[in-house]
Amino acid sequence: MLTAAVSQADLVSRVRAEYLEMPGLRLTEGQAQRLFGLTALVCQTVLASLLESGFLWRSPTGIFALAPR
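Residue numbers (the working numbering): 1 to 69.
Pair by pair, the computed Cβ-Cβ distance ranges are:
id	residue 1	residue 2	range
1	Arg69	Thr39	29 to 35 Å
2	Pro68	Val6	25 to 31 Å
3	Ser7	Pro68	27 to 33 Å
It is worth saying that the hints were derived from the structure and are not from the lab. This one's a predicted model, so the numbers in the text were calculated from it and none came from an experiment. No residue lacks a Cβ here, since even glycine has one placed at the ideal position from N, Cα and C.
Could you build the full structure based on these sequences and the hints that come with them?
Here it is as structure tokens:
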């Protein structure tokens, strides 16, 4: 679970690394929350950051995947 010692930047980097390690990874928000051990709010914030940067893409059905390059 998230601790006060872990910054949002660290979490974004961690999730980014997981997607780079497994380029075929496709997760719903709930799956990402469980996989990364994050609270709902923290997971939403991390995924939103990765969407805004263009690193992730969200399908119309809510699946988060690497954005096409």
